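Colleague: The listed protein sequences derive, respectively, from chains A and B.
With our numbering, letter number 337 in the first sequence gets 344, and the count goes up by one each step, no holes.
With our numbering, letter number 320 in the second sequence gets 327, and the count goes up by one each step, no holes.
By construction, these hints were calculated from the structure, which means they are not laboratory data.
Computed from a predicted model, the values in this text were never measured in an experiment.
Among the clues, some could well be false.
Taking beta-carbon pairs under 7 Å as the criterion, some of the chain A residues facing chain B (in silico) [to be verified]: (1) 81; (2) 115; (3) 281; (4) 321; (5) 374; (6) 391; (7) 392; (8) 423.
C-beta: ideal position from N, C-alpha, C; glycine also.
Chain by chain, the residues run as shown.
There are 2 protein chains.
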Amino acid sequence: MIRFYNANVLTVSDMDINYGEVWVDGGKIAYVGPAKESDTVFETEINLNGDLLMPSFKNAHAHSAMTFLRSYADGMPLQDWLFTKIFPMEEKLTEEVVYTYTKLAAAEYFKNGITTAFDMYFEPEGIARASVETGLRSIICGGTTGSYENAEATVERLENYYNTYKDYDPLVSYRLGFHSEYLCDNAVMQRVAWLSKKYSEPVYMHSSETAREVIECKERHGGMTPTQVFYDLNIFQNGGGGFHCVHMTDNDLEIMRMTGAYMITNPCSNAKLSSGIARLSAALDRGVNIAIGTDGASSNNALDMFREMYLMCVLQKLSTGDAAAMPASAAIKAATYGGADCMKLPDLLDIKEGMTADLIVIDMAKPSMQPVIDVVPNLVYSGAPDVVKLTMCNGKIVYRGGEYTTIDMSKLLFECNDIANKLYEKE
Amino acid sequence: MIRFYNANVLTVSDMDINYGEVWVDGGKIAYVGPAKESDTVFETEINLNGDLLMPSFKNAHAHSAMTFLRSYADGMPLQDWLFTKIFPMEEKLTEEVVYTYTKLAAAEYFKNGITTAFDMYFEPEGIARASVETGLRSIICGGTTGSYENAEATVERLENYYNTYKDYDPLVSYRLGFHSEYLCDNAVMQRVAWLSKKYSEPVYMHSSETAREVIECKERHGGMTPTQVFYDLNIFQNGGGGFHCVHMTDNDLEIMRMTGAYMITNPCSNAKLSSGIARLSAALDRGVNIAIGTDGASSNNALDMFREMYLMCVLQKLSTGDAAAMPASAAIKAATYGGADCMKLPDLLDIKEGMTADLIVIDMAKPSMQPVIDVVPNLVYSGAPDVVKLTMCNGKIVYRGGEYTTIDMSKLLFECNDIANKLYEKE
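Model the full assembly from the supplied sequences, consistent with the hints where possible.
Modeller: Written out as structure tokens, the structure is:
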């Protein structure tokens, strides 16, 4: 059993802070409350000296191994960048590359307070191995693409992946998904909807990331937006969500609200690729569920939830002309509770007894966290990776005071550079 | 003499990276180049193991001691926030508050790689004492305000400050400035222009921060924008600059270009207060000089040049619709060379022999800096405070590996909280 004491505990369901203790036993939170007498023998006792203990960040849209493309082909618009630069490089991917660069992503996630990635990428075995080894929680998301001709085969593969990885490990699971309307024929999406029904599982996909994507979808689908297409095909019958959701009509937002599907926003990626600003204030007003993802390091380029929360808030202030738009608390909730709920991880919603211990400690002695007039805006507007003092995933401390407990960084960086040299010389 | 070896040295005049050494002697850079034999006895030799050594960031618009207002009255538009919340709190300021909270800002600057602040704030003696004590370089900027009636007295005080602080210390100097058109009568600005002529000194002020400011200026000044008013009064006869410059016409940009005055952008503050997005791409195309400031922690809320550079770039991509807008190199140059040049600090422009040793070391082993496909976009798009390994100001190491050499953080935080308790209970 691990005991954190003298902690300020931030619970995100109610955005409340209380002073006390958190005990962790076998991956679960065993106690949250004021200091109490006990005969328990703790293996580790950590005095937080008033530091903030809160739920870890849940990254609700990731392509973790895309760390191998960080700063490659910088400064291009989405469609050109994808088709002329990224897709050709991705053809060189092997399980080993995905495994190694998912570990690099894990190192970045941990130092930045992220314990869970909703990872839509190739080579699921590489993702799964890297997760188990580093202690990262990866919820792998199907990224099926396909034409009318190969629809049956491609969705069969999705079902196989689902059955292989759904209960692979306490740290690894699988959700149904497909890449996007623009890379999937209706026949593929229909079959995914049937899988959703068969397994009572939610479905996720890229949606409405660029204006061009929406225009072309409407041309292909008799004027329907991607969200309308998905609704029409009953894709959201068990919820799920759309990644990006930048160019959404009022009707699209209404579909998301009605179905309970999540708008999974990626403000940094959308900004860097000049895709636009999602209508998050409108979504929040309507009661649409919101989670936050980093997207891949190739389009972001950081895997940093502080930057996402910050950008999410200030872009709403700019786009609505209202400095009060998108309060900091909404960003914190989306980055923690929202992410867990979006991925259907009900044990990861908050710091509560019986829930899984995915948590972080924020160093309140950093000058950027002082003075403590209001902690929540401090986290969003002056928080950055350097305030993360400790990261725990599934009850295990994976990062503390700048050091990793599961990752040999020197060895990993050597392996990453070795792979990069080979991939880029062949370019 | 201090020797850095096995360094990747980034020079920002040419955005070039070369492997070698940097020697620092008595505040100056004594040698930059490949490893060389020497009889020199070094007091300190630091093996950078390939880490990046580059010029420190120069914060070209600051109200350092506004750290005391961090997260206070979060989420309000500029004018209401200033007049109903900030100005009343600032009336409680004393030299001691400014001294203490400037030290808090220094701690934040150092950990974030900033060594110089262009600080327009009250109680210059408090700023100067905090700077000398912590080893921060503060270029204090006059923030004169005044009506027709008190113009002579207020500008006399500015001149006295100028003469007192211009050569106060190697770390402390003073530049002429006034708050803004909206807080100064023409009689004040005219007199500042005469001071500029008398001392051959540049002049700085807030300019065109909000749309409302520009509209009201035009009402007061026969249709002239703030930039036109300043030009008309010959304020920029020796250069200088405008802080913010968000709402600028083509003609305003042309005035900045012709006079060589700097556009000193504050993207984070302008976003948080919903003031708007400066036309930096248009300015860059025209050849207008650009520097970057954090503004105060009350409106930002971080004092973090990584976040400023990042936001500067992505907001241009969003506002122009061009993912190639505002290359990362332009942001790095504005944050280093631009800031130094803007404040008229020709010895601080770059890592060159004979220049002053204001430099930082970037930890390239952080996962967010890997792989090293392109260092400059890595710095701007995945850089954050945690990659700063060492900060040197005026040849002195002020921060290294998370530790301060000139600041007792426990003592400082105690003092800050003591002051905050008193200021906020009196509210």
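Colleague: Does each hint hold? Answer for all of them.
Modeller: Consistency of the hints with the structure:
About 4 Å separates the beta-carbon of residue 81 (chain A) from the nearest beta-carbon of chain B, less than 7 Å, and the hint is met. Because the smallest distance between the Cβ of residue 115 (chain A) and any Cβ of chain B comes to about 4 Å, under 7 Å, the interface hint for this residue holds. Interface restraint check: residue 281 (chain A) against chain B, minimum CB-CB distance 4 Å, threshold 7 Å, status holds. This hint holds: residue 321 (chain A) has a C-beta 4 Å from the nearest C-beta of chain B, less than the 7 Å allowed.
The interface hint given for residue 374 (chain A) holds, since its Cβ lies 4 Å from the closest Cβ of chain B, which is under the 7 Å cut-off. For residue 391 (chain A), the shortest C-beta to C-beta distance to chain B is roughly 5 Å, which falls under 7 Å, so the interface hint holds. A cut of 7 Å between beta carbons decides the hint on residue 392 (chain A): the least distance to chain B is about 4 Å, and the hint holds. Of the supplied interface hints, the one on residue 423 (chain A) holds, with its beta-carbon coming within about 5 Å of a beta-carbon of chain B, less than 7 Å.
Of the numbered hints listed earlier, not one is contradicted by the structure.
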